[in-house]
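Novice: Model the full structure from these sequences, guided by the hints.
2 protein chains.
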Amino acid sequence: MQNQKQYFPMHTSSPLAEILRQRRQKLATLIDFPAVLWSGGSSPRNFPANTFPFRPSSHFLYFAGLPLKNAAIRLDGGKLQLFMDNPPPEDALWHGETPTCEEIAEKIGADDARPMAELEDYLENAATLPVQDAATWTQQTQFLNRWILPQNPPDGIDLELAKAIVSLRLTHDAGALAELRQAAAVSVQAHKAGMAATLTAKLEAEVRAAMEGVIIAHNMTTAYSSIVTVHGEVLHNGHYHHRLQPGDLLLADVGAETGTGWAADITRTWPVFGKFSPTQKDVYDIVLAAHDACIQEIAPGVEYSEIHLLAATILTKGLIELGILRGDVEKLVKIDAHSLFFPHGIGHLLGLDVHDMEDLGDLAGYEEGRNRSQRFGLSYLRLNRPLQPGMLVTIEPGFYQVPGIINNPKIRSQYQYSVNWERLEQFADVRGIRIEDDVLVTESGSEVLTAALPTSSQEIEALVNS
Amino acid sequence: MQNQKQYFPMHTSSPLAEILRQRRQKLATLIDFPAVLWSGGSSPRNFPANTFPFRPSSHFLYFAGLPLKNAAIRLDGGKLQLFMDNPPPEDALWHGETPTCEEIAEKIGADDARPMAELEDYLENAATLPVQDAATWTQQTQFLNRWILPQNPPDGIDLELAKAIVSLRLTHDAGALAELRQAAAVSVQAHKAGMAATLTAKLEAEVRAAMEGVIIAHNMTTAYSSIVTVHGEVLHNGHYHHRLQPGDLLLADVGAETGTGWAADITRTWPVFGKFSPTQKDVYDIVLAAHDACIQEIAPGVEYSEIHLLAATILTKGLIELGILRGDVEKLVKIDAHSLFFPHGIGHLLGLDVHDMEDLGDLAGYEEGRNRSQRFGLSYLRLNRPLQPGMLVTIEPGFYQVPGIINNPKIRSQYQYSVNWERLEQFADVRGIRIEDDVLVTESGSEVLTAALPTSSQEIEALVNS
Ligand SMILES: [Mn+2]
Ligand SMILES: [Mn+2]
Chain A
1 MQNQKQYFPM HTSSPLAEIL RQRRQKLATL IDFPAVLWSG GSSPRNFPAN TFPFRPSSHF
61 LYFAGLPLKN AAIRLDGGKL QLFMDNPPPE DALWHGETPT CEEIAEKIGA DDARPMAELE
121 DYLENAATLP VQDAATWTQQ TQFLNRWILP QNPPDGIDLE LAKAIVSLRL THDAGALAEL
181 RQAAAVSVQA HKAGMAATLT AKLEAEVRAA MEGVIIAHNM TTAYSSIVTV HGEVLHNGHY
241 HHRLQPGDLL LADVGAETGT GWAADITRTW PVFGKFSPTQ KDVYDIVLAA HDACIQEIAP
301 GVEYSEIHLL AATILTKGLI ELGILRGDVE KLVKIDAHSL FFPHGIGHLL GLDVHDMEDL
361 GDLAGYEEGR NRSQRFGLSY LRLNRPLQPG MLVTIEPGFY QVPGIINNPK IRSQYQYSVN
421 WERLEQFADV RGIRIEDDVL VTESGSEVLT AALPTSSQEI EALVNS
Chain B
1 MQNQKQYFPM HTSSPLAEIL RQRRQKLATL IDFPAVLWSG GSSPRNFPAN TFPFRPSSHF
61 LYFAGLPLKN AAIRLDGGKL QLFMDNPPPE DALWHGETPT CEEIAEKIGA DDARPMAELE
121 DYLENAATLP VQDAATWTQQ TQFLNRWILP QNPPDGIDLE LAKAIVSLRL THDAGALAEL
181 RQAAAVSVQA HKAGMAATLT AKLEAEVRAA MEGVIIAHNM TTAYSSIVTV HGEVLHNGHY
241 HHRLQPGDLL LADVGAETGT GWAADITRTW PVFGKFSPTQ KDVYDIVLAA HDACIQEIAP
301 GVEYSEIHLL AATILTKGLI ELGILRGDVE KLVKIDAHSL FFPHGIGHLL GLDVHDMEDL
361 GDLAGYEEGR NRSQRFGLSY LRLNRPLQPG MLVTIEPGFY QVPGIINNPK IRSQYQYSVN
421 WERLEQFADV RGIRIEDDVL VTESGSEVLT AALPTSSQEI EALVNS
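Chains as they are written, first to last, in the UniProt record's numbering: chain A, 1 to 466; chain B, 1 to 466.
Hints are computed from structural coordinates only; laboratory data are not their basis.
Please read these numbers as outputs of a predicted model, since none were measured by experiment.
Just so you know, same-sequence chains aren't split out, so a pair can sit in one copy or run between any two.
Computed cross-link-like contacts, EDC-like style, restricted to lysine to aspartate or glutamate with a CA-CA straight-line distance of at most 20 Å:
#, residue 1, residue 2
1, Lys410, Glu97
2, Lys410, Asp91
3, Lys410, Glu90
4, Lys192, Glu459
5, Lys410, Glu425
6, Lys69, Glu97
7, Lys192, Glu461
8, Lys79, Asp112
9, Lys410, Asp336
10, Lys281, Glu321
Specialist: Dropping the structure here:
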């Protein structure tokens with residue numbers, strides 16, 4: 001994983017500059033044309049001067065290392081050029097003294113620094129990837145004189161660049177891992193704070209506040225919109241207004257992002273009054289068994305889709321033992337019976353994006369030549385590749401009673417013999433459970449970056465009651 | 001301020017529906033063409049599926065009352081039509097059951113509800129205002145077949161609509177005030193929590209976390225990017241990484257926004273170790289005197305620019321008494337000597353936007369026929385109108401030692417006789433102070449919506465030490 005030059009630097013430079021130098025040298029071995037990456041600008045919220053917090057393009061961050069606004073870099077044969085305007089002098093009145101373009105260039109090891117206006121002279125045969133904000137993709141489109149739109153899949157040399165970047169970003173170097181470990185550590189603390197705040201909280205929002213408070217206090221941001229809900233069965237839940245009621249399970253999917261953009265993604269589920277009911281504990285332990293078995297299986301060369309099927313098998317087996325599913329494990333998995341209760345993939349890539357490189361569609365998630373399955377139980381799988389050392393993936397099995405699935409008459413009749421619907425009713429207090437950790441593929445197997453956060457029901461209960 | 005019909009509703013309807021009915025009936029008396037307002041969509045963060053929290057257009061919120069995504073309303077002669085698509089059935093799998101278009105129409109008192117595709121049939125002669133997100137202003141541009149861009153000032157009937165909306169939104173009805181009071185109350189709590197967290201905090205970020213935690217716990221959002229800094233002299237400070245050092249003042253400009261978009265905007269400045277130094281207290285008391293005098297002066301008919309000049313006068317007088325400025329108060333104000341230390345306006349309109357209706361440029365802030373002054377001391381004034389009952393304004397005097405101003409050789413020579421630069425050096429520990437409250441103009445004078453948060457240096461110290 002390590003480039004030898006890390007240990008024999010050719011000239012003294014900052015650790016960041018050295019990390020970035022290695023990344024672009026690898027890129028130079030993969031493409032023989034220049035790449036120009038824009039950082040992007042702030043997106044307006046309710047009026048132009050009131051913007052959302054600035055988040056640079058992840059591809060830019062990977063090669064530029066710093067969250068620079070309205071900047072661009074040009075990568076060519078291992079060289080790095082920074083294009084960025086120094087703020088006008090009157091800006092110092094409002095924003096204070098900021099580092100000059102030249103100082104930033106020095107810090108990131110750029111070979112030169114030029115104003116944005118000169119970028120147009122350096123675009124011949126250059127490939128790029130679209131940023132997300134409209135003002136910048138408009139500029140990309142104008143400067144390159146071809147449509148560069150976030151919704152358009154890359155094409156031509158842009159596609160070649162995308163593939164090259166995917167092959168780099170798929171596995172994490174030491175610089176990335178140092179950041180990812182920080183994001184994981186702060187996210188672990190956030191979850192512990194959320195558990196500790198639950199007994200006295202009245203609303204989901206109060207638990208969310210305790211969790212995001214830890215992230216903000218570490219001068220980080222959330223990597224995605226937090227899910228903190230007693231309705232875990234609503235998978236994309238962006239509401240926090242429910243009261244915590246006796247018998248509720250709280251599902252919290254919250255992750256931090258470091259200042260240079262590296263993410264964590266953790267889910268835990270805990271009883272709001274500090275004790276799982278017997279039915280909740282039964283299902284929780286099945287989800288945990290799937291979680292543990294999947295992590296156990298992670299190793300170089302293993303197909304991630306096999307990990308997904310392993311989770312399906314263990315969940316199915318557990319649900320048969322509880323009397324919720326009926327029949328043979330393998331046959332039930334084949335007809336996607338597990339998907340009634342686990343209607344998403346076992347996980348995804350994690351890096352600068354919480355679904356890493358999902359801006360490129362399935363280019364990163366799917367091995368070349370593979371496509372999404374049409375099967376309900378597999379179509380949501382975001383990652384379908386053999387694992388390699390340095391990949392970071394999430395493992396996030398779950399059990400959900402999604403009303404739109406289990407109350408669907410067509411589904412109920414299709415699975416009338418596979419599901420014991422009466423028995424299922426006894427598990428009405430188990431609406432949604434997910435256990436998610438961030439797992440690094442290592443040479444010898446795996447390392448759970450989020451292992452400091454317990455998973456067992458007893459330890460979770462202890463943290464809630466702490 | 002109150003429309004009599006509030007007390008004699010013509011048909012039973014929800015309180016929200018009644019508020020909205022009154023707003024559009026007022027609008028109908030001002031324009032004789034239909035208005036179509038889009039809510040907007042989510043803006044992507046680092047990839048399309050990872051969006052910033054959705055914030056609808058404020059003009060839409062004013063007349064639709066609910067934060068609906070990808071919706072539009074048509075207002076015509078007091079009638080309200082809602083255009084919105086019901087989510088496809090498979091959406092319920094991921095987002096849970098959401099209210100139907102028809103249920104929402106009922107709640108907001110719409111006369112009918114139609115799918116978005118039908119909106120194109122209802123656009124004849126319709127005026128609109130641009131939303132902020134690119135996907136939606138692109139749709140506005142296509143549907144209306146003319147450029148609708150956030151950066152373009154409105155024109156023709158769009159300008160007429162903008163002026164009509166400004167005249168409504170300039171003063172707040174009872175429905176708006178109920179929300180604004182909630183935002184103010186939660187913001188007051190946030191500031192108290194920030195003060196109480198400071199003695200044990202090591203970083204600015206930790207105080208920010210305590211403050212935003214209160215806002216998140218109330219299921220609200222911040223109305224703008226919080227400023228929580230020991231470098232208050234950097235007016236637009238978006239950093240939170242500084243350590244809190246003995247002798248520092250912490251300036252916190254943090255405000256909450258309710259679920260339907262109504263904002264608060266509060267600034268306080270407190271000593272991080274719980275005690276103002278004598279120099280800090282001297283300057284703090286001058287800023288507070290300006291703050292109090294300005295609020296005292298607020299009443300219907302008073303020119304807001306006079307309030308600004310009152311602040312300038314009191315600050316100047318105080319700085320003369322401290323020996324920092326030299327000369328005659330009136331003359332110093334005329335040459336903008338106060339602006340060296342108070343280089344911004346005394347405040348702005350507050351409502352659905354923290355700088356209310358600033359998306360329309362100065363259309364709301366400046367009385368028709370008035371323009372921004374060229375004078376340094378006045379050019380930053382965002383509001384220049386006679387005050388009317390129901391207007392909500394901020395009052396936010398400050399004192400800052402902005403390096404870019406006070407170290408500027410041209411300025412130092414221009415003001416060489418007006419400023420005692422040696423004396424100023426004795427106030428080196430007073431880098432930035434601001435005291436900001438939200439003040440409602442009433443029939444008889446004013447009401448401070450944020451009055452529950454103390455301003456005196458003793459009470460502030462007590463809260464920090466609590
Ligand atoms: Mn995940
Ligand atoms: Mn303000």
